[in-house]
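The listed protein sequences derive, respectively, from chains Y and F. If you read the first sequence in the numbering used here, its first letter stands for residue 1, the second for the next number, and so on. If you read the second sequence in the numbering used here, its first letter stands for residue 1, the second for the next number, and so on.
There could be a bad hint or two in this list.
Below, a list of computed lysine-lysine pairs in the BS3-like style, where the Cα atoms sit at most 27 angstroms apart [unchecked claim]: (1) Lys102(Y) to Lys30(F); (2) Lys132(Y) to Lys15(Y); (3) Lys113(Y) to Lys89(Y); (4) Lys2(Y) to Lys119(Y); (5) Lys33(F) to Lys102(Y); (6) Lys69(F) to Lys33(F); (7) Lys65(F) to Lys89(Y); (8) Lys89(Y) to Lys132(Y); (9) Lys74(F) to Lys102(Y); (10) Lys74(F) to Lys113(Y); (11) Lys102(Y) to Lys65(F); (12) Lys74(F) to Lys32(Y); (13) Lys102(Y) to Lys69(F); (14) Lys2(Y) to Lys132(Y); (15) Lys30(F) to Lys15(Y); (16) Lys65(F) to Lys113(Y); (17) Lys132(Y) to Lys32(Y).
So the derived list for chain F, only partly shown, Cβ under 8 angstroms to chain Y, looks like this [as the list claims (entries may be wrong)]: (18) Tyr51; (19) Leu57; (20) Leu61; (21) Gly90.
Just so you know, the hints here were simulated from the structure itself, not pulled from any lab data. Here a beta-carbon is modelled for each residue, glycine too, at the ideal position from N, C-alpha and C.
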Amino acid sequence: MKELELEALTDNLSKVQAFVDEQLEEAGCPIKIQIQIDIAVEEIFINIAHYAYSTETGKATVRIEILPDPPSVDITFIDKGIPYDPLAKSDPDVTLSAEERKIGGLGIFMVKKSMDDVKYQYLDGHNILTLKKGLVI
Amino acid sequence: MTVNKERSNTTFNISINGRVDTTTAPELEKELKSCYDDCTELILNFADVEYISSAGLRVLLSAQKAMSKQGSMKLVNVSSDIMEVFEVTGFSDILTIE
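The shape of chain F in the complex, shown without the other chains:
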C-alpha cells in the first residue's frame, strides 16, 4: 500500500493505492493522523484501493469520528467490490461516499 498526500489550505487529498489490511492499516492510520491538526476537509481517493479488511475499516471509522468534530471527510472513486464491503458492514451509511 502507498499513500499520497496533497494539501491545499485546510483540505487534504489522500490517494491510497493497494491493499488496506492488518499489516498496512497502521501506516494508513499514521498518515491520516498526521493531517488532523489543521484539516477541515479530508478527501480519501479510493480509486486504486483493491482490498480492505476490518483492520482498514477500523481506521476509517476512527478517522470519521475525528473529522466529524472538526470538519468533514469523504471517500471518492470507490470501486463496486469495495462498496460491497461498506454495504455489508453498514459503513455505507456512516461514511460519506461520492
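So that you can see chain Y by itself, here it is in the shape it has in the complex:
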C-alpha cells in the first residue's frame, strides 16, 4: 500500500496521476485500463480540489493498493472537506443531441461507467471515496 498526501489543488493533478501511474506500471497494468483509471483519478481529485474546501485549501490523501488475486487495484481518496457524496448526483442523459446536452455531470458518470466499483462514505469527518478496478482486460 502506498500513500500520497498533498494540497487538494488543480495544479497537483499531474503529481497524483504520476503517483498512481507509477504503481500501475509496476503492476503491469494494460495501457487501456491505465487510461480509464487516470480519467477516474482526475475526475475525483479535481472534484475534491474544486468543492471540498470552499474558501481555504486543504489536504487530500490518495492511497493505492494493488491486490494480486485476481489482479486489481483499490484507489482511495480521503479529504476533510464538507461532506459530499459525488455518487448521489443523477447521471446525465447521454442520448440527448449536442444542442440539448448540458455541460457538466459527465466526470462522475465516466467514473461509474469505467470502474468496477465506486464507494463513498463519510466517516469521522472524512470524505472517503474508493475506486476498484481489475487490471486484466
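Fit chain F to the supplied structure of chain Y, relying on the hints for placement.
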C-alpha cells in the same frame, strides 16, 4: 498538450498533441474560440491525443454547439482508447468522427 493550427480559406485544421485534461482544456478552448470568427469547417486531428477527461469533453461539446450554428466540425484519426471514452459518454453520437 500542444495545438497546431492551419488555415485554408474558412477551413481550420487543428492538430492536438498530448493530454486534454483539467489543466490543459482551457488552452484548447481558447485556441478553438479564436477560430470561430470566420470558420465554416473545423477539423480536429486527434491522431496524437493520448488522453481526454470530462474537462476536454466539455470543450468539444461547446465547440460542437458553436460550429453547428455556422458550419460543421469533425474529428479525424481518433484512437480506439479515445473512441471508448466517446462511446461511454454518448459523444460518439453527437460528434462527427471520421
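| said: If you test the structure against every hint from before, which numbers come out violated? | reply: none
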